[in-house]
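Q: Listed below, chain by chain, are the residues.
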Amino acid sequence: MSPLKVEVRIQSNDFDIEMEIENLRLDLANIGAIVTFCGLVREFECNEAGRNLDVLSKLILEHYPGMTEKCIEDIVKEAANKWNIEGVIVVHRVGTLNPNEKIVFVGVASAHRLEAFRAAEFIMDYLKVHATLWKKIVINGEQKWIEPKSSDHIKFQSWSD
Amino acid sequence: MSPLKVEVRIQSNDFDIEMEIENLRLDLANIGAIVTFCGLVREFECNEAGRNLDVLSKLILEHYPGMTEKCIEDIVKEAANKWNIEGVIVVHRVGTLNPNEKIVFVGVASAHRLEAFRAAEFIMDYLKVHATLWKKIVINGEQKWIEPKSSDHIKFQSWSD
Amino acid sequence: MSSKGIFRLLFFGRLRDISHNIDENQAIKDEIRSIKDLTSWLDAKDPVLGKELVKPFVLVSVNKNIVKNDYIISEGDEVAFLPPVTGG
Amino acid sequence: MSSKGIFRLLFFGRLRDISHNIDENQAIKDEIRSIKDLTSWLDAKDPVLGKELVKPFVLVSVNKNIVKNDYIISEGDEVAFLPPVTGG
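Chains as they are written, first to last, in the numbering used here: chain A, 50 to 210; chain B, 50 to 210; chain C, 156 to 243; chain D, 156 to 243.
Treat the hints with caution; some may be incorrect.
[What the hints assert, rightly or not] DSS-like mimics (lysine-lysine), calculated; alpha carbons at most 25 Å apart, straight line:
#1 K198(B) x K219(C)
#2 K54(B) x K107(B)
#3 K191(C) x K206(C)
#4 K185(A) x K219(D)
#5 K204(A) x K204(B)
#6 K193(B) x K210(C)
#7 K219(D) x K54(A)
#8 K185(B) x K219(C)
#9 K198(A) x K223(D)
#10 K200(C) x K198(B)
#11 K54(A) x K193(A)
Everything labelled a hint here was simulated from the structure, so no lab data went into it. Treat the numbers as computed from the prediction; the structure is a model and nothing was measured.
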């Protein structure tokens, strides 16, 4: 079995998904499936009851340089212990983002689609609750740190059931 | 709720995933998650026991024009009945493809990632067993129609369990 | 033999390769009224093809909708024999 | 009060906003040996911050690895208080 190819980047600039996928595929042999997840800044932030709050004007993302990359690399390795995957790229943006901008990209390459789907979803669920990233929203000129969603913690727990 | 945006294309030329995603997002509001699947021509075809067969030289894909698009549109509508999704693009290539070329793309846009993941996987599983597409491989100069995989039928059945 | 109109007969995938001697335009007639009749008629004409048509998972569509064996063919119908699909 | 070396003290997210009066360079001393000591010392210095530090899901890392409350701080350590994460 070839070693897992892992790339984790934290950056302020946008990314091109086609280019990330080409990068992911480089040097990988016999890949049959690539599953990607891309998270976007939503125009409305919803509360836990699913009700729309005010229209978002900005999202500000902060990370812990060095530790965030390490957290995500650990998550990717854990995914690779569970499923046969050949390569993973995770790109997470930080800084100030506008509504509809891309925030996060996860790309997983595997011989078969089932493993790529599972691993991509696992990495996202794990990232939401374990990667040292913090979101602040700007609404009506006021900044407010986002509270973690209990639904994210519940979804993450479901992987160990 | 806004109506589902659906685009299904059968084409011989390649596609750019970033452009497909931008196309998918066009006119959609408050999208938080985009899950994509891209299937590639593998260099080796494996038998059901997972053993590598000969190195593939070409893959030839045939469809039933009009019916194939309709099949896939029906699958997308069924996915939209099961999950809250806002938009779906499916692109399936036909004609002669080389190893490592892209065959199929499924992109699903949704407010939330769980629904996008489920719908994308469902559409792929359903497409594998219900869309009128047929694959022929060329190995050592000989053409051979591919047999459907029982694993695909089993995986598809699992959605109704 | 009274002709009751012409229908189109298509084969896809592996079935097309072994059905080159079957004309695309066929006439509805006493022996060919239902899909079942059509399959029997094709089997009599070419047993190699006929054997493939009754294999599991081979489906028949009329005007791009899957139909059952008892479907009665009408003039102008597009009938297609579809071997097990292998897309994706 | 005998100084036993300097460590770095970082706060992230909402904790950073309310910890601007806390110096990034801190000395290990009799009252600050473990993470638990550090939290108590911070609470005594600034009860508003202290209250936030003991909230559920606030984690502490040393040199970018999560540690428990009984971790003994060494010279040169980078100690960080991490509020519940909200990435993705």
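Q: A separate judgement is required for each hint: does it hold in the structure or not?
A: Hints, verified against the model:
| no. | hint | result |
| --- | --- | --- |
| 1 | K198(B) x K219(C) | holds (24 Å) |
| 2 | K54(B) x K107(B) | violated (34 Å) |
| 3 | K191(C) x K206(C) | holds (13 Å) |
| 4 | K185(A) x K219(D) | holds (22 Å) |
| 5 | K204(A) x K204(B) | holds (23 Å) |
| 6 | K193(B) x K210(C) | holds (18 Å) |
| 7 | K219(D) x K54(A) | holds (23 Å) |
| 8 | K185(B) x K219(C) | holds (22 Å) |
| 9 | K198(A) x K223(D) | holds (24 Å) |
| 10 | K200(C) x K198(B) | violated (31 Å) |
| 11 | K54(A) x K193(A) | violated (37 Å) |
Checked against the numbered hints above, the structure violates hints 2, 10, 11; every other hint is satisfied.
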